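Each chain, written out:
There are 2 protein chains.
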Amino acid sequence: MAAVNKTAHSFDKARLEALLSRRFFYAPAFEIYGGVAGLYDYGPSGSSLQANIINEWRKHFIIEEAMLELDTTIMTPAPVFETSGHVARFADWMVKDTKTGDMLRADHLVKTVLGQRLADDEELRSGTAQPVDAKKKKKDKTPPKVKLEAAVAKEYETILAQLDNYDGPQLGELCRTHKIHNPDTDNEVGEPSQFNLMFTSSIGPTGRFPGYLRPETAQGHFLNFSRLLDFNNGKVPFASAQIGRSFRNEISPRAGLLRVREFTMAEIEHFVDPDDKKHPKFASVADVELTLLDRHVQEAGSTEVKRLRVGDAVANGVIANETLAYFMVRISQFLLKIGIDPKRMRFRQHMGNEMAHYATDCWDAELQNSYGWTECVGCADRAAYDLTVHSKKTGQQLVVRESLREPIVREAEVAELNKKIVGKSFKGDAAIFTKHIEGLDEAALVELKSALLNGKTTVTTAEGKSFEITPEFLTIERKTLKQSIREYTPNVIEPSFGLGRILYVLLEHNYWSREQDVDRGVLSLPPLVAPTKVLICPLSSNKEFEPIVADISAKLRRSGIFSKVDDSSQTIGKRYSRNDELGTPYGLTVDFASVQKGTLTLRERDTMDQRIGSIDEVVSIVADLCEGKIDWPQACERLPAYDGKQAVD
Amino acid sequence: MAAVNKTAHSFDKARLEALLSRRFFYAPAFEIYGGVAGLYDYGPSGSSLQANIINEWRKHFIIEEAMLELDTTIMTPAPVFETSGHVARFADWMVKDTKTGDMLRADHLVKTVLGQRLADDEELRSGTAQPVDAKKKKKDKTPPKVKLEAAVAKEYETILAQLDNYDGPQLGELCRTHKIHNPDTDNEVGEPSQFNLMFTSSIGPTGRFPGYLRPETAQGHFLNFSRLLDFNNGKVPFASAQIGRSFRNEISPRAGLLRVREFTMAEIEHFVDPDDKKHPKFASVADVELTLLDRHVQEAGSTEVKRLRVGDAVANGVIANETLAYFMVRISQFLLKIGIDPKRMRFRQHMGNEMAHYATDCWDAELQNSYGWTECVGCADRAAYDLTVHSKKTGQQLVVRESLREPIVREAEVAELNKKIVGKSFKGDAAIFTKHIEGLDEAALVELKSALLNGKTTVTTAEGKSFEITPEFLTIERKTLKQSIREYTPNVIEPSFGLGRILYVLLEHNYWSREQDVDRGVLSLPPLVAPTKVLICPLSSNKEFEPIVADISAKLRRSGIFSKVDDSSQTIGKRYSRNDELGTPYGLTVDFASVQKGTLTLRERDTMDQRIGSIDEVVSIVADLCEGKIDWPQACERLPAYDGKQAVD
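Protein chains in written order, with the working numbering: chain A, 670 to 1318; chain B, 670 to 1318.
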């Protein structure tokens, strides 16, 4: 078995991007119309990769955890997002270039400019750059590189560590204090203003019903809560799950698939008893270690991570509850399974000001890539926020009603009205009086009871209406009450996946170049998600190969493995190179020995090792490899190496 | 094996709708906010059914035919739909209620009102209704039922057969002539006006970039044509395929899932040589018979269908070409496979005025249901329309360049200019003169050649500019030209599936009630698409059943079959009834005999037959049933009937 050196060449983003474009993983949408920032189309390779990721997600979460799948509407009437708080608060701060009028996202501007200054400083100190560029072009608006005072550099680092914690006025203050200009023009920027990120539209022909494109799928789960609960026979906890498109009208998206205006999400809303956030399967994950960056570390201006056993993290209160921790582990397991590099994954806790308006705690699974650390999965505790606001707005009860095993028995003061006397005495005001009495709490009832002992008293409502009453009007007695139903609004733990971000980082984590030739890129995608698992290459267009190719295809398909045939006229070598770029893990070559001796050669993508065996044997080994039943070294034990020569007539 | 009578009770839409709501197949979106017409959410049953239909679609089309999958953007900048013709022409005619201002779709109004009059007439003639309802309520705006003259009834029928062929002014004329009012208010309606069905929005924070939500996925395929062609190694024919959400801002949607504002489509764009629309696999489908309703029959005011062998339909010119016919067969096979009733499927050809602006021929797969015959799949020949308009607008070549096996050799007149003399003589006008000469066709060159034989002549451009020339300025000679590349814009055959419509009709076609109890509804969905294939029911919550249930689950999963466990406290009978409504084909009951003797009972949904065998035997038979390897009678041969009694300790 050949040894493989995947790190011979350092990561080169431009090469990867060229590969992704050439092999049509994705491309700017509306490219022939000049494109639109933040909108991308997935080609055959990207679509297939995405479909495989979604398929695994569905198995790992929906099927494994028996979640209830949903497919809800994107176009949403305005009142829903008014209630959810998105109309008022789902916004980013933007600043205007004072001369060109271009809009920039304020926090990204600060990050870019201060980050650049720190990088320049680093370069100058290490001697890899010149302090003043004498030949600087007039048109180049890039400010000259300068060395920073130690204190200034330290201040910048602290700002960047806390960046997500600043509000608009604070970002404006930072721009002024640190003379942060638009880097494209070197113009000053104005005061930050808020821009709502939801796309707006109008439903129906009248223009009277404004709508928004959903920025998350979550509201679709909450609005259907009662139906879901009923489907689950009234029992909690349960989770709903949805995979679908969402939209955010980003201010000036510039980071490829990492910041887009339209994207596919996979969201889980796990509804749980607020008094019991334990998870029945927690014991099975308690020993897993995660890399954590908690809020206290960040608020102290640091980004140093800790490796913690999840069981300890919950016990120490670093992670708030078992359910949140259980999902963090499951998220981590999913990401590793599809091929994310474990060394470039961490969970970062949100800081106070950074949290979305609906969340009480949130941990992001962040993946490191050439743009930095990027949030790819959020895992938030939304508490009872959403169900509460929708229930209040619509008057619909969004609650769980649970029969108590043992009824709660308690004593309390209970008022009983004599309706006849009340009606006769207060006539039209009887209802006001009745409502007032029914609204009295324990303490008020005790007080009224003692006042009535005097034979007569006056009751005054909040609106200032007075009623004179005697003990004839009502009796107040201490009674034993039995409560057999508990009613509560469940809390929600929400793991929310940005599939496009995960897909992009996955490509970065699996891209490398052959040691002997930097131009020969390889995507080492695991068979589980690779767009094509097996490539079948007939040596030439000779008709004799056709039935063998068809037979291999059919056999693989019966094992549930979908292969592709490449019968193009290119050399086998070129076809293999193309498939290394497409991430195809295995290649089968049909040649004259296949016709005469029934043999087949098998090529492994990463090692470029070739093995030989009978057609049936090789097909069965490929099936085992694709299903993860064996790995390549095990396959090599079963198949002899192919030396590239075979005696054929 | 029990006999099943599925037609004991006539179809009852209200019962079906109650079932679909109760079992959360789908529900009005934003229901707790009062709902929005034409927007629906799919619950767990509907999502799973939809996912299974999509899965089968992907296998049947994308994998089986090696199509290139795409996933493109919904939010589309305005220029794309300006070019494609949708901004100008993707509209419906609507009329306004003259008093309430409500908007109604004009063709639907005509259909509803004339259809009702015909139905009333029918009722009166058959004696099932009274001509004048003496107790008619004042508020009821329904016009009284009247008998129609035979000629009037005939006229209505003719109008309805041609309804899709009328334009706006004609629909307005129909409303006036036949006194067609808004049936909800009995108010007159105004003149029809056009309403564009695309939802509008705005991209980015400036408000300067209008966008539309795509009303079809097709443009995403066309805009990526060059990349797709390149991915396919420059070869045609090939097909791209996409499953995704589209949006149409319907005027007043009222037909449940059949007319919605947001829907999931599955679209194929098959790119083909315009001079060769043969299909390589046509022979394999030529003997299939389809039910056809061609345009000539409809234009003669009839809706009588013909059963035709596809081979004959192409030979006789009823279906325009092999590729169109091939896809019609594949569409039909797909619909039958997922459970559509073959007797309620037909292909209807579009009439001239009815065709979308981009189509040259179109056949709809229509499925009959309680709303009538509904288009569920369109199969259109879009010719070169889209690629041509986008290419013209953007200046990007969207063509196939094909090396000719044998170069085309032909003789032609060729003009060769003496650039020096032309430049010197005509100076600034030289370019105009050159362009004019280069644009001359064969005949004009022959004429000019003979004129030059006189030594001098005058050339006049289309703009009226004259040039006096002599043979020194140019020579015109007959030359042999060799063309080795053929360049052409491919044509497109487009099968386009409305998945929500198919899903709804599938539910109607598979719904029935038990003969002995009309309230016991059953959905006889084929295992291929049923939301859950196998239900595992432990008799009670006894702990002894748990390992057996887990074992059966795991065994089924290894066969790729996902089961559900129903361990709720309801009786087995109630759990079975619930699963009949959910369309679950098989039930496995774990009882004390399972614990003591290792047996398992298997229940079939439609017959309610119960069979018994060892756990392994039953699990293996269920797997075969779900994969369609055996049918129920075959399973019955392998398993004895269960009489409901077993000796256990």
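Hints may contain errors.
Since copy identity is lost for identical chains, a pair holds within one copy or between any two.
No more than 25 angstroms apart at the CA atoms, straight line, and that leaves these computed lysine to aspartate or glutamate pairs for DMTMM-like [claimed, not checked]:
| hint | residue 1 | residue 2 |
| --- | --- | --- |
| 1 | LYS728 | ASP1293 |
| 2 | LYS1061 | GLU1156 |
| 3 | LYS682 | ASP1188 |
| 4 | LYS816 | GLU857 |
| 5 | LYS1062 | GLU1156 |
None of these hints come from the bench; they were simulated from the model. In this text, all values refer to a predicted model and were calculated from it rather than measured experimentally.
Against the structure, the hints come out as follows:
1. In this assembly of identical chains, the alpha carbons of LYS728 and ASP1293 lie at most 25 angstroms apart whether taken from the same copy (19 angstroms) or from different copies (22 angstroms).
2. Taking CA atoms no more than 25 angstroms apart as the test, LYS1061 paired with GLU1156 passes inside one copy only; the shortest distance there is 16 angstroms, against 65 angstroms between copies.
3. Taking the shortest alpha-carbon separations for LYS682 and ASP1188, only the intra-copy value of 13 angstroms comes in at or below 25 angstroms, while the best inter-copy value is 63 angstroms.
4. For the homomeric pair LYS816 and GLU857, the shortest alpha-carbon distance inside one copy (22 angstroms) is at most 25 angstroms, but the shortest distance between copies (80 angstroms) is not.
5. Within a single copy, LYS1062 and GLU1156 get their C-alpha atoms as close as 19 angstroms, which meets the 25 angstroms cut-off; across copies the closest is 62 angstroms, which misses it.
In this structure, none of the earlier numbered hints is contradicted; all agree with it.
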